[in-house]
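Chain by chain, the residues run as shown.
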Amino acid sequence: MSGAVTADNAIVVEGLKKHFGDVHALDGIDLQVPRGSVLGVLGPNGAGKTTAVKVLTTLLRPDAGRVEVDGRDVVADAERVRHSIGLAGQSAAIVQELGGRENLELIGRLYHLGRHESKARAAELLEQFGLTDAAERRAKTYSGGMMRRLDLAASLVARPRILFLDEPTTGLDPRGRSDMWDVIRELVASGTTLLLTTQYLDEADELADNIVVFDRGKVIAEGTADDLKDTIGGDVVEFAVSDATQRDAALAAVRTLSDSELQVERNGYVNIRAGREGSATLIEVVRRLDAAGIKAEGLGVRRPSLDDVFLALTGHKAEETEREVEAAGVAS
Amino acid sequence: MTDLAIGPRLRWGAHDALTMSRRNLLIWLKVPAFIVFTVIQPVMFTLLFRYVFGGALKVPVPGGYVNYLLPGVIGQTAAFTSFGTAISLAMEMKEGVIDRLRSMPIARSAVLLGRLGADLVRLLVTVLIMIGVGYAVGFRFHSGILGPIEMVALSLLLGLATCCISAFIGLAIRDEESVQAFGLIWVFPLTFVSSAFVDVHTMPGWMQAFANNQPISQMVEAMRATALGNPPGAPLSNHVWVGALWMLGIMVVFIPLAVRAYRKGG
Chain A
1 MSGAVTADNA IVVEGLKKHF GDVHALDGID LQVPRGSVLG VLGPNGAGKT TAVKVLTTLL
61 RPDAGRVEVD GRDVVADAER VRHSIGLAGQ SAAIVQELGG RENLELIGRL YHLGRHESKA
121 RAAELLEQFG LTDAAERRAK TYSGGMMRRL DLAASLVARP RILFLDEPTT GLDPRGRSDM
181 WDVIRELVAS GTTLLLTTQY LDEADELADN IVVFDRGKVI AEGTADDLKD TIGGDVVEFA
241 VSDATQRDAA LAAVRTLSDS ELQVERNGYV NIRAGREGSA TLIEVVRRLD AAGIKAEGLG
301 VRRPSLDDVF LALTGHKAEE TEREVEAAGV AS
Chain B
333 MTDLAIGPRL RWGAHDALTM SRRNLLIWLK VPAFIVFTVI QPVMFTLLFR YVFGGALKVP
393 VPGGYVNYLL PGVIGQTAAF TSFGTAISLA MEMKEGVIDR LRSMPIARSA VLLGRLGADL
453 VRLLVTVLIM IGVGYAVGFR FHSGILGPIE MVALSLLLGL ATCCISAFIG LAIRDEESVQ
513 AFGLIWVFPL TFVSSAFVDV HTMPGWMQAF ANNQPISQMV EAMRATALGN PPGAPLSNHV
573 WVGALWMLGI MVVFIPLAVR AYRKGG
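Order-wise, the sequence lines are chains A and B.
Take the first sequence: its position 6, counting from 1, is numbered 6 in the working numbering, and each next residue is one higher.
So the working numbering is basically just the index in the second sequence, starting at one, shifted up by 332.
Just chain A, with the same shape it has in the complex (with noise of 0.2 Å):
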């Protein structure tokens, strides 16, 4: 690779591998983030997401392969990288007993911001976080959402250009999401490169302008949302007939929607691939169910899941990865 595509990646993996005893939980992944960008790393559990993030932000050696975040070698250069880098997820970095101020005054301690800059960098982050009333309570007192926001907001303390999230928004309720959503959102707009790693579909969805799907250490597919609903066949329209007389009718009413045949799932499903349009299809289906005088339950428009991407890229389910590492006794 030449040191111009080098200087425009803000981080670059090449052929990187780590293995616990006989776990290859990393098996020659490779990667590359542009500057400004957004890369969402999509997986089930124990996929290897986390063992990358710690490898990129200097927690874990490599055990063979390249990497390099900010231009630096994150073995060779670590101090280096560590001054370019924020790491947040599961909110580790705050200390329960303390307020959300105090907290990130100590964080701004620790990057030597001096007493005074500590505190207006705390004061700014509070307020962009939305978390200034709360600022003075213990961060116990915090929902699940406020204390992510903190979290986050800690890791932003000095500014990094390069910011790594490990699942965000595991276990948030759907508010604490959306709120996270948002706040993510922003900061990649001020131009922040951002690498997100998650196990859901439609995060990766909202937040990544390119989304890699991890199985057991390995890299399976990459692109864009689009490209990868495209991959899986994208949207799927649904809807059962409870009546089985009509079942026949109901099946040869829409089956010129369809490219491929339609049948009967075991659930009394009927289920149309309709690639991006979704919404569309939905509609034509409604209508020729009503023209052919058919009762159809549970109409609608599914969109694809991880376990559906897992499914069509890999021939298995997203939890058999899962299910198999917890076998082998290791932490992701």
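If you are wondering where the hints come from, they were derived from the structure by calculation, not from laboratory data.
Careful: at least some of the hints might be erroneous.
[Said to hold, decoys possible] Listed next, the stretches of chain A that the computed footprint assigns to chain B, with coverage defined by at least 3 CB atoms under 8 Å from CB atoms of chain B:
(1) 54 to 67
(2) 92 to 105
(3) 110 to 117
(4) 275 to 289
[To be verified] Here are the simulated distance ranges between beta carbons:
(5) B:G345 <-> A:G21: 28 to 36 Å
(6) A:D182 <-> B:L456: 57 to 65 Å
(7) B:G345 <-> A:G71: 34 to 42 Å
(8) A:E127 <-> B:A346: 44 to 52 Å
For clarity, every value in this text was computed on a predicted model and none was experimentally measured.
Think of the CB as a built atom: it goes at the ideal place given N, C-alpha and C, for glycine as much as any other residue.
Could you slot chain B onto chain A? The hints should help.
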């Protein structure tokens, strides 16, 4: 900062260790349970031994059992301080706190030094309170001006050495419940099968050999000598040198082990 010379590098490291100490002390002050465990409990031990067992125990020191007891119970407190060291480090390892700190450009030594620094300050505060309580129930120094200072310094040295052992245990086990269940069990026989609370001669013969020579007894005897028996100008008790050597030996073994466990990360 890779390029810094030794001097600025040391200042950088000291700043980080002080910040981490301050953080740990802030946490200690904000959790009532920690204060009860670290301060009230030793004071309670002092009073219980003084009044419950004290009447029944005959000891060969001037001023009676309360004078014998105080250096012993302070020695026990110093060793028990290491519980907090092990449990906090194990918890921070497990919860990913230490990984987060390791991803930041802070001195590699700051987490360990900050922990030990805070635990020693905590011990110092506790020891001073215990001496105050001791005075209220009849304890008196019989050793001039330097004696009390030497005794406090020896208690900190004992605390530091046991905290180094516990730091290694906490970082190696990485689970606070396992640490509480079996990682610290060795502290109990070591503090009780010693000369901390009773005259070793009252124990069975086979036990005396251990009780007389193990490091906590050496340190307690050293503290007793500095508190009660060091006439002005006299040489320091043998126990002081033997005890100090023990403590240094423990640190030489366990500091590298703790550093290695820390580097491995969570």
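Hint check:
A stretch counts as covered by a chain when three or more of its residues have a beta carbon under 8 Å from one of that chain; for the stretch 54 to 67 of chain A and chain B the count is 5, and the coverage holds. Using a Cβ-Cβ cut-off of 8 Å, 6 residues of the stretch 92 to 105 of chain A lie near chain B, which meets the minimum of three, so the contact claim holds. Coverage of the stretch 110 to 117 of chain A by chain B holds. Counting CB-CB distances below 8 Å, 3 residues qualify, and the rule asks for three or more. For the stretch 275 to 289 of chain A, the assignment as covered by chain B is violated, since 0 residues bring a beta-carbon within under 8 Å of that chain's beta-carbons and 3 are needed.
Roughly 34 Å separates the CB atoms of G345 of chain B and G21 of chain A, a value that falls within the hinted 28 to 36 Å. Between D182 of chain A and L456 of chain B the beta carbon distance is about 48 Å. The supplied range of 57 to 65 Å is therefore violated. Taking 34 to 42 Å as the suggested C-beta distance range, the pair G345 of chain B and G71 of chain A does not conform, at roughly 26 Å. One distance hint, 44 to 52 Å for the beta-carbon pair E127 of chain A and A346 of chain B, is violated here, with the actual separation near 33 Å.
Of the numbered hints given earlier, the model fails hints 4, 6, 7, 8; all others are met.
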